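Fit chain G to the given chain A structure using the hints.
Next come the chains, spelled out residue by residue.
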Amino acid sequence: MTPNNIFKIENLEKKYGERKVVDIKNIYVNNGDFFVIVGPSGAGKSTFLRLLKYLEEPTNGDIYFEGKKLSNPLDVNIQRSISMVFQRPEFLKRSVFENVEFPLWIRGKKDNEKVEKVLGQVDIGNLIREKTSSLSGGELQRLALARAMVVDPKVLLLDEPTANLDPYNVELIEKIVLNLNKAGKTIVMVTHNVFQAKRLASSAGLLLNGKLVEVGSADTFFNTPKDARVKDFLEGRMVY
Amino acid sequence: MVNNELLEIIFLTLRVSGSALAIACVLGIPFGLILGSEEFRGKKIIQLLISTGMGLPPVVVGLVVYLLLSNQGPLGTINWLFSPSGMILSQSILAFPLAAGFTSSAIAAVSPKLIIQIRSMGTTSWQEKITIFSQARNGIIAAVLAAFGRIISEVGAVMLVGGNIEGHTRVLSTAIVLETRQGKFAFALSLGFVLLGIALLANSLTYYFGGQWEK
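Protein chains in written order, with this note's numbering: chain A, 1 to 240; chain G, 241 to 455.
Bound-form chain A, shown alone (with noise of 0.2 Å):
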């Protein structure tokens, strides 16, 4: 493991019962990176990143975060330097400041000013006193998005943060987590999308049947990849 690596698993397994839904080798993700995991439905993309978060332990293997094995129960400095936008994120019955402020609440850091610059990033600065339940799809994703980011984590995971949503919606979110990742944010997103994968990785791998068949560069998976999987899920050939 390298300095510059904040992610390193090794040999990590995850079993329902008899069934194995993840089975990666050794991959390692680094500081700074926008790496994006393709795949189908029913792949493993959100349970790996659901272990990544250890919210749910791996039946085998280890991951590593910036050098510290993880274990259950997880350490809460690594639980808060990780942020996650669920796909489905689910919020308080209060309002949207509220929602916003209540990572800042759990770390005893209560910051105003702070809440209300991140809703204005992810322009839903004018719904600051709102209900969540008066928000549109679009919007509470966005909320989500900045919940996660007003605590300024070092990593941020993103469970399909832009599925079911409209262009306008896809291409805000886009903009903000490229502007996130350009200011030095590490992130690792799962989608089944693969030209929201090309627009915004700088890293790829293609997921399987919880097996990652081939992890390289966005340039190196996208142009030039090597397994005829990868190539065939690309170009929208493969049968599912």
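None of these hints come from the bench; they were simulated from the model.
Remember, predicted model here, so these are calculated numbers, not experimental data.
Each statement offered as a hint is correct.
With a straight-line cut-off of 25 Å between C-alpha atoms, the simulated DMTMM-like cross-links for lysine to aspartate or glutamate are:
#1 Lys114/A / Glu368/G
#2 Lys353/G / Asp75/A
#3 Lys110/A / Asp152/A
Chain G in isolation, oriented as in the chain A frame:
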């Protein structure tokens, strides 16, 4: 019945039912919080007992408490029979399962996905519990109201344990029974309205403060 006597009865009613409600909530709400959020051996049996307890007949509770507090009973030495303390004890027993049961249901109804997402932010165990509690607040308010409704108008237990002694253990519900037996229907009815008024006031205050909390 003179005004002073009526005021005394209202005051004792509020004192007995208020104290019983406070005891039931102080014990029942944390109990319900644990029952609704934790997994442990015997949980289903406890849930079953609590559900059964929600329908406890007041007169049976009154009888059991009477036997416990009577001179020959195991708690006879504390001299609580025919006293407000005994009435508070019996009403606490009646209200506890409602406070615990409704709280438990409200906590269990909080979305498990939300709990996972809260946890993913790095909450401590206590922060997680406080947050789940706040998410279930409407259900917990309902628990308090249900417990209050159960005891404020209850007559069987307070009659048996308190004895309806004038100036000592007479509360609104037992006074209504007495006045009705004496054929003073108009007065019994007016006492009934006072009881209803107290219930209305308590509910209004709970909704008001519940609403304030919601804002």
